[in-house]
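Sequences and hints are given; from them, build the entire structure.
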Amino acid sequence: LSDLIWVDIDSSVNLSLQADKRAHHNALERKRRDHIKDSFSSLRDSVPVLQGEKQSVKQASRAQILDKATDYIQYMRRKNHTHQQDIDDLKKQNLGTPVFGEFLILLYRSSQALSGWIWNIAA
Numbered sequence: 024l025s026d027l028i029w030v031d032i033d034s035s036v037n038l039s040l041q042a043d044k045r046a047h048h049n050a051l052e053r054k055r056r057d058h059i060k061d062s063f064s065s066l067r068d069s070v071p072v073l074q075g076e077k078q079s080v081k082q083a084s085r086a087q088i089l090d091k092a093t094d095y096i097q098y099m100r101r102k103n104h105t106h107q108q109d110i111d112d113l114k115k116q117n118l119g120t121p122v123f124g125e126f127l128i129l130l131y132r133s134s135q136a137l138s139g140w141i142w143n144i145a146a
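Note that the working numbering has the sequence shown beginning at 24, numbered continuously upward.
Hint data in this document are derived by calculation from the structure and do not stem from the laboratory. Treat each hint with caution, since some may be false.
[What the hints assert, rightly or not] Using C-beta positions, here's what the derived DEER-type ranges look like:
(1) ASP111 to SER134: 19 to 27 angstroms
(2) ALA86 to SER34: 44 to 52 angstroms
(3) ILE59 to VAL36: 31 to 39 angstroms
(4) LYS60 to TYR131: 55 to 63 angstroms
(5) GLY75 to SER35: 41 to 49 angstroms
[Said to hold, decoys possible] Computed cross-link-like contacts, DSS-like style, restricted to lysine-lysine with a CA-CA straight-line distance of at most 30 angstroms:
(6) LYS102 to LYS114
(7) LYS115 to LYS102
(8) LYS60 to LYS91
(9) LYS44 to LYS60
(10) LYS54 to LYS44
Cβ coordinates follow ideal geometry from the N, Cα and C atoms, glycine included.
Below you can see the structure in the form of structure tokens.
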């Protein structure tokens, strides 16, 4: 009889542990899903085309959010590349201006004077 009591206690403890593990797993999974949901909301709010979708009757699906975010990133990369080319072109134009040329000469002379001054200190 005492063996049966131990078996009952062991099985009830085992069931309790399994229930605790399951509850813990469910809580972690719920937290993970909430994090993913919040991340998609944040991504949706970061893409101009999708801003305000939360209030609309038909919200964008996760696949649509990813597609629009990918399109927006590619658009911004192209725009950034174009701006960088414009900056490079402006820098090239500035190299030819008389003021910039005078600045380079002045910079060169000061570096020469500084290096001479350093050599005098070292000697």
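Here is how each hint holds up against the structure:
Range check, ASP111 to SER134: Cβ separation about 25 angstroms, and the 19 to 27 angstroms hint holds. Distance hint check for ALA86 and SER34: the Cβ-Cβ separation is about 46 angstroms, which falls inside the suggested range of 44 to 52 angstroms. A hinted range of 31 to 39 angstroms for the beta carbons of ILE59 and VAL36 is consistent with their spacing of about 35 angstroms. A beta carbon spacing of about 60 angstroms between LYS60 and TYR131 agrees with the range 55 to 63 angstroms that was offered as a hint.
The hinted window of 41 to 49 angstroms between GLY75 and SER35 is violated, with their beta carbons roughly 54 angstroms apart. Proximity of LYS102 to LYS114 is assessed by CA-CA distance (about 18 angstroms); at most 30 angstroms being required, the pair is judged to hold. Restraint check for LYS115 and LYS102: satisfied, since their Cα atoms lie roughly 20 angstroms apart, inside the 30 angstroms limit. With a CA separation close to 17 angstroms, the supplied pair LYS60 and LYS91 stays within the 30 angstroms bound.
A threshold of 30 angstroms between alpha carbons decides the hint, and for LYS44 with LYS60 the separation of about 24 angstroms falls inside it, so the pair holds. Distance check on the hinted pair: LYS54 and LYS44 sit about 15 angstroms apart at the alpha-carbon level, within 30 angstroms; holds.
Hint compliance for this structure: hint 5 is the single one not met.
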